[in-house]
Amino acid sequence: MSTTPQQKERIIVPGPAGFHPPSAAQLGVMLPDPGQGLMYGILEPKEELVIEEMAKKMLTSPNATLFPGPLVLWAWNEHAVQKAKAVLEIAAQIPDVLIIPMPDYRPKYPKIDPEEMINPNHPNLTIWGNKIEACIFIGVHCHYANLTLKMIRAGTNCCTMAICAEQGHEDAMLTIRDSDTAKLQRVAQIFKRVREQMGIKVQADGENVRFTGTQSKVHGGKTHTNPLSFTPRATDLGSAAMFGHKAEHMKSEA
Amino acid sequence: MSEALESEQKTNPQGDPITSVAAPKSDAKKDPHAEAKKQKVVTPEYMFLEAPRTKEFITGSEAAKEAVRRSNVDISIAYPITPQSETMQLIGVLYGEGYVKEYYRGEEEYGVMSAIAGGSRAGVRCFTATAGPGTLRGIEPIASWPGHRLPAVCMFTCRVVNAPLAIQPDNIEVSYLLNCGMIVFHAENQQDMFDFILAGFTISEKNDVTLPVGVCCDGFFVTHARGYVRMQDRGIKLPPREAWRGAVPVLDAENPPARLSRDAPVQKSNFMAYNIHAVWQQEVWAAVERSRKYIDKYMGGLCTAENMENADAVIIASGSAAAQSREAVRLCAEKGMKVGLIKVRSLRPFPTHELRDLCKNTKLIVIPEFNYVGWLAKEVATAIYGHSKAKIIAGPHVYGGQSMPVELIVDEVESGLTGKKSTNVPLSAIMGTDVDQAAMGHFMRSI
Chain H
1 MSTTPQQKER IIVPGPAGFH PPSAAQLGVM LPDPGQGLMY GILEPKEELV
51 IEEMAKKMLT SPNATLFPGP LVLWAWNEHA VQKAKAVLEI AAQIPDVLII
101 PMPDYRPKYP KIDPEEMINP NHPNLTIWGN KIEACIFIGV HCHYANLTLK
151 MIRAGTNCCT MAICAEQGHE DAMLTIRDSD TAKLQRVAQI FKRVREQMGI
201 KVQADGENVR FTGTQSKVHG GKTHTNPLSF TPRATDLGSA AMFGHKAEHM
251 KSEA
Chain V
255 MSEALESEQK TNPQGDPITS VAAPKSDAKK DPHAEAKKQK VVTPEYMFLE
305 APRTKEFITG SEAAKEAVRR SNVDISIAYP ITPQSETMQL IGVLYGEGYV
355 KEYYRGEEEY GVMSAIAGGS RAGVRCFTAT AGPGTLRGIE PIASWPGHRL
405 PAVCMFTCRV VNAPLAIQPD NIEVSYLLNC GMIVFHAENQ QDMFDFILAG
455 FTISEKNDVT LPVGVCCDGF FVTHARGYVR MQDRGIKLPP REAWRGAVPV
505 LDAENPPARL SRDAPVQKSN FMAYNIHAVW QQEVWAAVER SRKYIDKYMG
555 GLCTAENMEN ADAVIIASGS AAAQSREAVR LCAEKGMKVG LIKVRSLRPF
605 PTHELRDLCK NTKLIVIPEF NYVGWLAKEV ATAIYGHSKA KIIAGPHVYG
655 GQSMPVELIV DEVESGLTGK KSTNVPLSAI MGTDVDQAAM GHFMRSI
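These protein sequences, in sequence, are chains H and V. Heads up: the first sequence begins at 1 in our numbering, then just goes up one per residue. Heads up: the second sequence begins at 255 in our numbering, then just goes up one per residue.
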């Protein structure tokens, strides 16, 4: 069983794919090797082409959203902080992009606020609630990313993308692997190039990240913000660095 | 008694130094962990593909011990049960020598398997072993390992589980493990036991796998018998587990209460959306699928094929039945029958595509097994249905401690090829297009 470049028919496409469709692995989709990516379930030997397709989707789809996970949301160490900055550099290239966090993996009961966060136990609610048609997951532990991607493909029309620090995600429509800080920065550069080629401009003041309703309330009613105005940093108290975690411990961490 | 005799190193029957007894005064300064401390970490690629090996004549239990010696194991938890007890006793020797960092005896198998879950969730490399009734007693926590995404290696030295209880060889317990979502290997001999355990740790901990590995063997035939095992130098070991690279976060032991259950509310059906459990199960089995490439890389494939070219018939077997089948192939050749052998090494994932390819032109398949139910035959028939027109003989079967006379297998090959009636396999256990419908009808009317 293998996913070959010769296969022309797209396998993993925006849904709704069905009540409970087979997983990508059941459909024979295999994860890419280093330097490669997956484009709609088909092996793409050049990951740069996958990143370009990601950019096009994020720049043209309604309510494009970045979903940062715990591995870039929390300042585990300096490496995680650097990756968070790189994620904001990607956001800076997508006009009107939403950023909705996945801070942890616990089911949120009695009621999820889909504007505030996404959760792997019911990610479809966040997609539906915000009418998101393209999204990128970064910094989510692979098991939970896979759960999320399967549910979104089953029940929504969203084009899912996963920028993974490990081997990638076959249930995402577009995925790349081994994404360290340098690769995230390269993704931001490619997004910038594609955006400019498409003639799409960002706000002159850089305020192109659109707040959700909840975020807007927190920020005094502002509707947009400049992602590069945030300066993530490792906190002194309670951070993993306090317990001896160093950047080299998590070099490939998403 | 002379001073020289007093200072003589005490050893167990396997020749390992016994470190649990007080050392003689003259050895007081000798560090029992000295050799373990000198072990060098090597990459899995070097360990499995490049490192030179030397051959030793050892039992399956000793092969397991030598695999664990080279596996950089953090914790091993024991509970005795025949025929596994010797294996975990030998792991205890490794603990005494410093090759295993923690080791203790659990309360019983449920406690052992639960503690293995805790160790794995905490981020350390875990090993245990059990057998027969122990497997079934521990099956609830064992079946929860894959869903919790817990890498670990557990050795199952199969024996009778049914009443009336017996300690004899019978691999029916494998059928209980096949649908847990764990990776399951079946070792034919001592060499497999060594290789599968060592590779099991590496495969188990791959990020895109992150699943437990069960290494099964047929008790006594493998555990207590000796065979030649080619092993890497004991001075090298695998890299330690990098738990932070797993598909799930490790247990946060610094912020109590630490829960062993993963995402507890998901396990409460009255709170959860059913979708999450459905995709969770899909993800576990997707991870089983992803392990294929690592099994190919580190173990040389999910199955092996011998003597297949222009074969009149093929025997498909796993575990000790593969060894018996190899001899049957030789006897068949003496009788002028050209018979191939496919040895299934990995039961989960199952070599579905490999079997479809290997069996596409086969006319007869014989599947000998050491159990009553014929779980391997069912797996094979399911895998190749529609891809092969072969007649499948689900047998011969032996169980309850019986050995498998090679002649039984030869008889089935012969009867399958000539149409001679089998004396050991009922018609109901013969599948495929060449089944004698009249005989089958007679059989059905007679039952």
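There's no promise every hint is true.
Here are a few chain H residues that face chain V, going by a calculated C-beta distance under 8 Å [what the hints assert, rightly or not]:
no.	residue
1	Leu31
2	Glu116
3	His141
4	Cys142
5	Leu147
6	Met151
7	Gln167
8	Gln185
9	Ser216
10	Lys222
To be clear, the hints were calculated from the coordinates, so they are not data collected in a lab. Ideal placement from N, C-alpha and C gives every residue a C-beta, glycine not left out.
Okay, the hints, checked on the actual structure:
A least Cβ separation of about 6 Å between leucine 31/H and chain V falls short of the 8 Å threshold, and the interface hint therefore holds. Interface hint status for glutamate 116/H: violated, as the beta-carbon distance to the closest one in chain V is roughly 18 Å, over 8 Å. Annotation: histidine 141/H was flagged as interfacial toward chain V, and the flag holds, the nearest CB pair being 6 Å apart, inside 8 Å. Taking 8 Å as the C-beta contact cut-off toward chain V, the hint placing cysteine 142/H at the interface holds, the least distance being around 4 Å.
Checking leucine 147/H against chain V: minimum C-beta separation of about 5 Å stays under 8 Å; hint holds. The interface hint given for methionine 151/H holds, since its Cβ lies 6 Å from the closest Cβ of chain V, which is under the 8 Å cut-off. This hint holds: glutamine 167/H has a C-beta 4 Å from the nearest C-beta of chain V, less than the 8 Å allowed. Proximity of glutamine 185/H to chain V is violated relative to the hint, the smallest CB-CB distance being about 22 Å (cut-off 8 Å).
Restraint check, serine 216/H versus chain V: the minimum CB separation of about 28 Å is more than 8 Å; hint violated. Because the beta carbon of lysine 222/H sits about 33 Å from the nearest beta carbon in chain V, more than 8 Å, this interface hint is broken.
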